[in-house]
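Trainee: Sequence:
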Amino acid sequence: MATVIKNLSNYNFNLVPSASDMKFGIVVAEWNENITESLFIGAKDALIKCGCNENNIIRKNVPGSFELPLAAQFFFELTDVDAVICLGSIVEGETKHFEYVCKSTALGIKDVSLKYNKPVIFGVLTDNNMLQAIDRSGGKYGNKGVEAAVSAVKMVDLKSKFN
Numbered sequence: 001m002a003t004v005i006k007n008l009s010n011y012n013f014n015l016v017p018s019a020s021d022m023k024f025g026i027v028v029a030e031w032n033e034n035i036t037e038s039l040f041i042g043a044k045d046a047l048i049k050c051g052c053n054e055n056n057i058i059r060k061n062v063p064g065s066f067e068l069p070l071a072a073q074f075f076f077e078l079t080d081v082d083a084v085i086c087l088g089s090i091v092e093g094e095t096k097h098f099e100y101v102c103k104s105t106a107l108g109i110k111d112v113s114l115k116y117n118k119p120v121i122f123g124v125l126t127d128n129n130m131l132q133a134i135d136r137s138g139g140k141y142g143n144k145g146v147e148a149a150v151s152a153v154k155m156v157d158l159k160s161k162f163n
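Heads up: the sequence shown is residues 1 to 163, going by this note's numbering.
To be clear, the hints were calculated from the coordinates, so they are not data collected in a lab. Only a predicted model underlies this, so the values are computations on that prediction, with no experimental measurement involved. Ideal placement from N, C-alpha and C gives every residue a C-beta, glycine not left out. Take every hint as true, because none was put in to throw you off.
Using 35 Å as the maximum straight-line C-alpha spacing, the simulated DSBU-like pairs for lysine-lysine come out as follows:
hint : residue 1 : residue 2
1    : K103      : K118
2    : K154      : K115
3    : K115      : K60
4    : K6        : K103
5    : K96       : K6
6    : K49       : K23
7    : K23       : K140
8    : K159      : K140
9    : K115      : K6
10   : K60       : K6
11   : K103      : K60
12   : K60       : K96
Restraint-style ranges between C-beta atoms, simulated for each label pair:
hint : residue 1 : residue 2 : range
13   : K96       : I58       : 31 to 37 Å
14   : I41       : S160      : 24 to 30 Å
15   : L131      : E77       : 35 to 41 Å
16   : G139      : L114      : 29 to 35 Å
17   : K6        : M130      : 18 to 24 Å
18   : K161      : N128      : 34 to 40 Å
Could you build all of it, start to finish, from the sequences and the hints given here?
Mentor: Dropping the structure here:
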């Protein structure tokens with residue numbers, strides 16, 4: 001697994017672009033709340049470390065990961081955010097439900113990003129079991145929320161360089 005090689009929270013924030021003039025939406029799935037809340041804390045803390053004003057971080061909750069893409073679309077239609085970070089946790093069960101939710105969520109997030117020409121970051125854990133989710137939401141492999149926030153900052157900065 002890639003996360004065995006890389007700690008998801010290991011960033012030199014001095015090398016990440018400044019987020020001082022950026023505004024972010026963060027959508028957090030309520031399903032597996034113990035995991036997604038940790039992801040949110042990691043993302044929010046990382047944005048602040050990058051210089052983002054806490055008032056420029058807007059959080060909205062949705063029932064589960066499947067609803068993340070529509071909430072990201074709402075952010076772009078109804079606010080002036082530069083990027084949306086989608087945070088969720090999908091843990092494999094005994095049925096194919098896991099596959100459908102993972103695929104639909106990933107494709108939906110990609111579609112919203114392309115539709116609005118703005119970054120929508122896939123901060124969704126798709127793990128085989130709850131221990132893997134714990135390990136990637138602040139456990140031994142760091143926090144995917146941090147990685148998602150840094151990706152959002154870098155993508156907003158990249159887009160600004162095309163202007």
